[in-house]
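Enquirer: Produce the entire structure from the sequences given, and follow the hints as far as they go.
One letter stands for each residue in the lines below.
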Amino acid sequence: MTGYRLDNGGRIDRNRPVEFRFDGHSYQGFAGDTLASALLANGISLFGRSFKYHRPRGIMAAGSEEPNALISVDRGAGRFTPNLRATSVEIHAGLNAFSQNRWPSLKRDFGAINDRLGMFFPAGFYNKTFMWPRSFWEKLYEPAIRKMAGLGDAPTQEDPDIYASTYAHCDLLIVGAGPAGIDAALEAMGSNKRIILIDEQDELGGGALADPALWPWLERSRKALIDAPNVTILTRTTAFGYYHDNFIGAVQRLTDHSPDNSDSPREKLWRVRAGEVVLAQGAIERPLVFDGNDTPGVMLSSAAKVFGLRYGVAVGKSVALMAAHDSGWHDVFALAKAGVGIKAIIDVRTELSSALLDEASRLGINVHLNHSVTGVNGRHRVTSIQICNNDDYVGTRIDCDTLLMAGGWTPSVHLWSHSKGSLAWRDDIGAYVPDQPNENARCVGACSGGWDFGSGVIVDVLPTPKDQSRIKAFVDFQNDVTAKDIKLAVREGFRSIEHIKRYTTNGMATDQGKTSNLNGLQIASTALAKPVTDIGLTSFRPPYTPQTFGALAGHAKGALFQPTRTTNIDGWAAENGAVFELVAQWRRARYFPKMGEDMHAAVNRECVAVRSSVGIFDASTLGKIEVVGPDAAEFLNRMYTNPWKALEPGRCRYGLLLKEDGFITDDGVSARLAPDRFHLTTTTGGAARVLNMMEDYLQTEWPDLDVWLTSTTEQYAVIALQGPNARKLLEPLVEGIDLSADAFPHMAIREGTICGIPTRLFRVSFTGELGFEINVPTAYGRALWERLMAEGAKFDITPYGTEAMHVLRAEKGFIIVGQDTDGTITPFDAGLDWAVGKKKPDFVGKRSMARPDLVAPGRKQLVGLLTDDPNVVLQEGAQIVADPRQPIPMTMIGHVTSSYWSETLGRSIAFALVAGGHEMMGGTLYIPMPGKTHEAKVTGMVFYDAEGARLHV
Amino acid sequence: MILIHCPYCDEKRPEIEFANAGQAHVARPLDPSSQSDEEWEAYLFIRANPRGRHHERWRHVHGCGRFFNAVRDTVTDKFETTYKAGEPRR
Amino acid sequence: MSDALFRNEPVSSTPYVADGVSIRLAAPLKRYSLRARTADALETVLNVKVPQKIGATEGGIACLGPDEWLLRTPAEAAMPTGTGLPVAITDISERSICLVLEGPRAAEVLMTGCPLDLDNFAVGRATRTIYETVEIIIIREGEDRFHVEVWRSFAAWLWTAFTTAASH
Amino acid sequence: MTHHSAFSLFAKALGGHQDWPEQWPDAAPKPAYDAIIVGGGGHGLGAAYYLAKKYGITNVAVLEKGWIGGGNTGRNTTIIRSNYLYDESAHLYDHAVKLWDGLSQELNYNVMYSKRGVMMLAHNVHDVQSLQRHVNANRLNGVDNEWLTPQQAKDYCPPLNISPDARHPVLGAALQRRGGTARHDSVAWGYARAAAALGVDIIQNCAVTAIRRGADGAVEGVETTRGPIATKRIGVSAAGNTSVVMQMAGLDFPLESYPLQALVSEPVKPTFPCVVMSNTVHAYMSQSDKGELVIGAGTDQYVSYSQRGALHIIEHTLAAICEIFPIYRRMRMLRTWGGIVDVTPDRSPILGKTPVKGLYVNCGWGTGGFKATPGAGDLLAYTMAKDEPHPINAPFNLDRFRNGRLIDEAAAAAVAH
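These protein sequence lines map, in sequence, to chains G, W, U and R.
Quick note on the working numbering: the first sequence kicks off at 4 and runs consecutively.
Quick note on the working numbering: the second sequence kicks off at 307 and runs consecutively.
Quick note on the working numbering: the third sequence kicks off at 302 and runs consecutively.
Quick note on the working numbering: the fourth sequence kicks off at 20 and runs consecutively.
Any given hint might turn out to be false.
Said to hold, decoys possible - Simulated restraints, written as ranges between beta carbons of each label pair:
1) W/His-331 <-> R/Gln-171: 29 to 39 Å
2) R/Ala-46 <-> G/Pro-468: 16 to 26 Å
3) R/Gly-269 <-> G/Asp-836: 35 to 45 Å
4) U/Ser-468 <-> G/Trp-837: 49 to 59 Å
5) G/Trp-837 <-> W/Pro-335: 23 to 33 Å
6) G/Ser-425 <-> W/Asp-316: 26 to 36 Å
7) G/Asp-16 <-> R/Gly-34: 55 to 65 Å
8) G/Asp-16 <-> U/Ser-468: 26 to 36 Å
9) R/Lys-376 <-> G/Lys-533: 34 to 44 Å
What the hints assert, rightly or not - Non-contacting residues of chain G with respect to chain W, defined by C-beta distances greater than 10 Å in every case (computed):
10) Ala-80
11) Ile-401
12) Asp-470
13) Asp-634
14) His-921
In short, the hints are calculated from the structure, not lab data.
Note that beta-carbon positions come from the ideal geometry of N, C-alpha and C, so glycine has one too.
Expert: Rendered as structure tokens:
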């Protein structure tokens with residue numbers, strides 16, 4: 004034996020040595036080692052510090068249930084990962100791992116002072132102190148607590164790795180590829196079922212990997228499964244959550260085990276829908292609870308077997324076993340045969356089968372029945388143990404460097420519980436086992452409570468002559484919860500296991516109680532003198548083991564996070580220097596700055612251009628719905644506030660849409676193309692919502708109407724040409740439409756062609772200028788835009804963005820739903836009485852408008868505001884008061900909804916919602932801002948060309 | 307992600323194709339103007355919100371586009387049945 | 302008037318080719334949304350056979366819902382307007398583009414974000430569904446060939462999603 | 020009751036912590052009480068405490084069907100703030116924030132209220148307008164809330180990604196410095212312990228099965244799984260289960276209950292200094308004293324009492340978190356859980372009298388109830404003691420759904436919590 008590496012055996016590849024680093028030191032292991040097995044082979048026993056007391060900790064387990072040996076791995080810039088379990092990290096060349104929660108070093112940790120003071124930090128201590136003086140909590144106590152808490156360091160740089168995700172479907176999903184899972188797969192393999200077999204480890208086999216006798220069978224089975232076309236095998240994959248209707252989330256780790264960072268995904272999220280689920284997750288061995296059970300070198304018996312027989316590592320040179328279960332005996336027998344020195348077996352029981360005793364005797368192992376370990380000596384590694392007879396407490400010391408614990412087994416019912424399958428308590432094994440399924444699922448093997456590693460007894464705390472209130476017998480090793488913490492919680496009146504868990508934090512560490520829950524339950528049960536089943540069971544929640552944020556986000560990273568919708572003309576805007584804004588899911592050009600211009604200058608220029616010549620605007624994002632059918636007009640009449648039946652084909656109308664609660668939800672100009680065909684427009688953000696709302700009424704309230712709705716938002720690119728030269732620019736390009744004022748008046752629609760492409764041409768204006776909105780099939784949007792820019796050069800055509808559009812419409816008193824209204828505004832509040840059909844008996848929202856508060860005086864109403872100082876542009880969202888001298892809290896009567904500098908008017912303009920505003924025309928209101936209170940006069944909302952002369956040309 | 311049987315498509319489809327549309331069989335009064343404030347409040351806002359058997363509406367919005375009704379247990383989240391809009395309450 | 306206007310597509314016209322799958326933009330199609338209470342009502346207007354069952358396709362017409370069909374045709378066919386009849390025919394030719402996924406890994410790429418069980422999605426079937434948060438229509442044209450219709454403004458995102466998935 | 024202090028902790032430590040008394044006795048129901056609170060969450064326990072402490076009604080029972088603090092109190096992301104838009108809401112939540120300040124001392128129980136600051140992100144022009152409206156309204160209401168530039172936001176919270184190229188770039192933020200977090204369980208336990216010391220009976224595992232009413236319709240008591248209990252005053256503070264309890268009194272409510280998920284990461288050393296909320300991206304996050312990143316996820320779309328949410332909600336939440344805070348993509352999700360949130364049509368709570376005499380209600384807090392805990396408790400107590408609402412909670416009545424006087428923060432600002 005070299006160091007702790009056994010001379011032979013194990014599944015490691017002794018021909019492939021692997022160099023790696025831990026805490027800055029170089030070590031060698033073999034391909035197939037985990038960080039835990041490789042370090043153990045190098046004689047390392049100290050792996051980390053515990054959460055609260057900073058006690059030295061070694062390895063306790065060999066798998067993903069490990070609570071102690073948490074380490075960080077650094078794979079280079081942005082690739083730092085804290086809190087990995089050394090037992091699950093596969094070593095590879097260049098692996099760079101670090102211990103955690105210690106300063107300045109693992110061996111000399113300043114925080115270990117907590118251990119000395121541990122008596123002052125029992126469960127819930129933080130509730131009882133740190134309250135005086137009051138200000139010290141935030142300044143002193145809390146920062147100190149936070150610094151001591153936490154485990155590893157958080158990453159500090161952006162993760163360059165990518166992640167993948169997929170859906171998958173199968174008829175049979177098997178979780179866990181130990182012997183039970185493999186058997187289930189082999190059994191189903193011959194059918195035509197699609198089978199997925201998942202296991203968290205790097206190879207199939209589970210417990211069989213530590214049982215060389217099973218290796219030939221394992222190899223045969225593995226080959227058969229790989230060859231089966233209907234079986235998909237996913238190793239290094241953790242099924243972490245079991246959701247509704249047999250939907251299982253799993254994460255596959257793809258690259259962390261290899262030395263090189265690559266461009267391929269680091270991890271992959273599998274979202275599996277299964278016909279049937281077979282859970283074969285096995286069972287986890289239970290630690291025993293006794294003074295010093297957390298000393299490095301104390302570990303689970305089953306873990307020692309895994310290290311010995313799977314990895315060829317002796318966990319110690321002189322090993323003792325503390326058993327309450329037969330399985331530990333079998334483990335040490337196997338270890339002894341593999342060459343590990345077994346010093347003694349201590350068993351809490353008085354009687355055991357002669358087979359076990361005979362085998363121990365044959366192997367020359369000392370046996371102490373009816374004994375318990377009562378103390379462990381050694382700080383960074385066990386040096387000896389103290390044992391006592393359970394009856395007379397007569398004791399003796401045994402020198403050893405490792406102590407194994409065999410406390411029985413806990414079936415892994417985590418996923419079963421996620422699925423809401425019920426559990427039944429089994430006294431004989433002191434554990435919950437699966438009972439009635441809630442999904443099409445079943446448990447097989449050890450996770451169903453069926454195993455062949457013998458029997459045992461359940462002890463909550465090992466008998467000891469010591470004062471129970473003084474010993475440190477750990478239950479939750481990572482969170483430093485001791486048996487006496489649980490008893491304290493009970494003493495303080497916490498009776499439900501959920502309370503005990505929360506008060507002590509038992510089971511809330513990164514292992515989520517895999518090794519601590521059942522011991523905690525037993526101790527609480529004893530303390531409360533109630534059966535376990537009376538104190539409840541903490542519920543298991545996904546994930547089974549911690550899962551990477553990035554993997555759960557899957558491919559939704561960067562460009563694939565959320566789609567940004569772009570119009571056909573967006574590329575031109577980007578190439579021409581547009582500054583964009585995001586509106587709903589869309590990206591829209593906000594303004595087009597020329598060299599050296601800020602937003603203010605660009606917007607002023609764009610506005611002036613529209614008023615003086617012609618501007619061009621990409622309005623493609625406006626929602627569009629084609630409403631077709633004999634009852635189209637009737638349907639719209641019921642939906643919108645205003646009448647639609649009399650609208651003539653070829654004409655447009657402003658439509659105002661309320662929700663059934665009477666408040667404005669959307670608006671837009673819509674056109675009647677034919678008696679049974681309308682072209683609606685909606686706001687950019689409202690398109691999907693409006694269509695859904697209309698479908699709702701149509702399908703469920705008025706299914707008798709013969710009318711159908713089709714979203715045509717993306718069928719058309721829409722280019723607005725606005726300004727006195729708009730017609731002149733357009734005329735030569737259009738065929739089949741007479742653009743003259745008489746033939747094509749404001750608020751009309753015509754169909755024809757433009758530059759040879761069919762168009763629905765609207766004569767509408769959101770600027771107050773002569774204007775057209777040209778709808779063409781989307782694919783031609785950019786080409787048409789470029790043609791208009793070229794042809795418009797002689798008019799100095801100016802592209803303008805949403806900001807100029809906002810200014811222009813505000814100058815004309817047009818509202819923007821969602822900015823000037825906010826979901827609490829009626830048409831009357833918004834001054835849109837004219838858009839409400841007074842004679843209509845009903846429309847959506849009409850009845851609600853008659854509710855008492857909606858007709859009460861003093862409602863907030865939309866008005867214009869002109870600041871006394873014309874240069875002051877009020878902040879949108881500024882609050883308005885009637886009396887600026889009142890103390891805080893002030894009575895606010897409204898707020899500014901829209902506010903701009905109007906270059907055309909040479910002054911600022913604003914809209915505001917003001918309580919009783921319609922009755923305040925000419926009055927003065929105040930806008931108190933930090934450092935200055937502004938004054939403004941209440942006005943009408945139309946600031947420019949009130950008579951509309953510029954429109955009707 | 308629950309599976310929902312669309313009564314129009316006649317197959318179970320994943321939840322993300324659907325939009326829940328609230329309690330079922332809350333019919334809009336034929337003559338809203340005749341409704342008292344209390345009646346109108348009930349139509350607009352009062353909901354059963356039962357712990358157990360619940361009638362609700364879904365829309366297969368990213369599928370066939372249709373609204374339909376369902377009976378689902380709100381404790382287990384399991385569907386008892388789904389049926390087409392306009393069919394009587396089950 | 303000078304040259305005819307060019308078409309501007311949201312994704313590259315160069316196919317993306319990866320191991321086992323290619324992704325390309327289909328040639329422009331005429332598309333119509335056809336709505337009626339029954340297939341028969343549509344047949345009367347269109348004078349062609351209209352599939353009755355949701356998911357079925359026939360002659361370029363896919364039945365997407367109980368009252369909704371999608372007609373896709375390469376031809377510049379004159380469509381009736383259905384004026385005055387209880388049907389709705391709406392030109393949606395340019396609302397979406399079509400991405401063609403072809404090759405033995407086509408289904409695998411689609412399944413990275415589409416929650417449907419494509420093993421049980423027969424050739425010839427069509428449906429509206431979703432890829433992550435983006436609505437799509439898939440039409441299985443062959444064992445290894447899918448047409449994916451997506452609204453234009455989402456097409457660039459979907460192209461990136463498909464090509465990224467194909468590259469893995 | 021042992022007074023909690025560093026000294027008592029020290030003294031008990033010397034005794035091996037053997038003589039700590041019960042924090043609150045496990046009471047059995049008496050035949051009658053002056054007042055009963057249905058629901059042993061933070062709100063209900065708080066109401067019982069204030070009934071006894073401020074209004075002299077000490078013969079009070081809190082009836083909890085499970086274990087106290089086991090509902091939304093123990094399942095939320097512990098955010099405390101009061102920077103609400105409408106006067107009514109700002110006053111309501113600020114009443115609570117004022118009580119949070121000093122609550123540890125008042126209860127002699129450290130609830131670990133940490134004024135870490137709550138920062139709400141603006142990602143587009145609409146958000147900027149909306150959050151500036153909040154800032155201005157709060158300033159004139161005397162509620163602290165200030166506007167930050169993107170760089171100031173990053174200075175306050177260094178992990179924040181303020182790249183203008185982000186899918187949802189940060190255009191600014193509103194910061195309430197008094198906002199923060201508290202330890203959720205401690206709030207329930209602290210109120211329970213303090214209320215019990217004043218004579219309140221805290222009765223767990225006692226589900227109300229019926230509400231008894233007299234000939235005049237007024238309440239006379241409740242039937243429970245532990246027998247009948249007489250009382251003339253019942254305050255229902257049952258969160259997601261309110262509809263079920265109200266139906267026992269024949270009342271249909273404007274409420275729907277939805278699953279809401281939350282999650283935490285593995286604990287790490289201090290890395291995240293405040294609370295950040297983004298309504299546009301649907302994510303909010305803080306770091307607990309223990310070191311876990313605490314993350315709120317979205318609600319599922321359907322009514323459910325299963326306390327079980329869907330995976331795609333978690334996927335979307337973590338995708339959003341990783342976009343706003345890209346340094347955390349390699350962090351790992353440790354635990355998820357689900358609560359049941361009761362949501363009203365205007366997403367504001369209902370706190371006041373009901374049409375049934377002697378029956379009072381506190382519900383509809385949606386995703387935002389934790390921050391209101393002391394205020395809701397105090398105001399429910401006031402309303403029960405005086406048989407009329409306090410001016411602060413008077414606007415949060417049931418009548419508003421009839422007369423239309425809604426308090427719709429969400430509609431007003433697209434800010435739901």
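Enquirer: Take the hints in turn and mark each one as holding or not.
Expert: Here is how each hint holds up against the structure:
no. : hint                                : result
1   : W/His-331 <-> R/Gln-171: 29 to 39 Å : violated, 52 Å
2   : R/Ala-46 <-> G/Pro-468: 16 to 26 Å  : violated, 38 Å
3   : R/Gly-269 <-> G/Asp-836: 35 to 45 Å : holds, 41 Å
4   : U/Ser-468 <-> G/Trp-837: 49 to 59 Å : holds, 57 Å
5   : G/Trp-837 <-> W/Pro-335: 23 to 33 Å : holds, 27 Å
6   : G/Ser-425 <-> W/Asp-316: 26 to 36 Å : holds, 32 Å
7   : G/Asp-16 <-> R/Gly-34: 55 to 65 Å   : holds, 57 Å
8   : G/Asp-16 <-> U/Ser-468: 26 to 36 Å  : holds, 32 Å
9   : R/Lys-376 <-> G/Lys-533: 34 to 44 Å : holds, 41 Å
10  : Ala-80                              : holds, 36 Å
11  : Ile-401                             : holds, 54 Å
12  : Asp-470                             : holds, 48 Å
13  : Asp-634                             : holds, 17 Å
14  : His-921                             : holds, 25 Å
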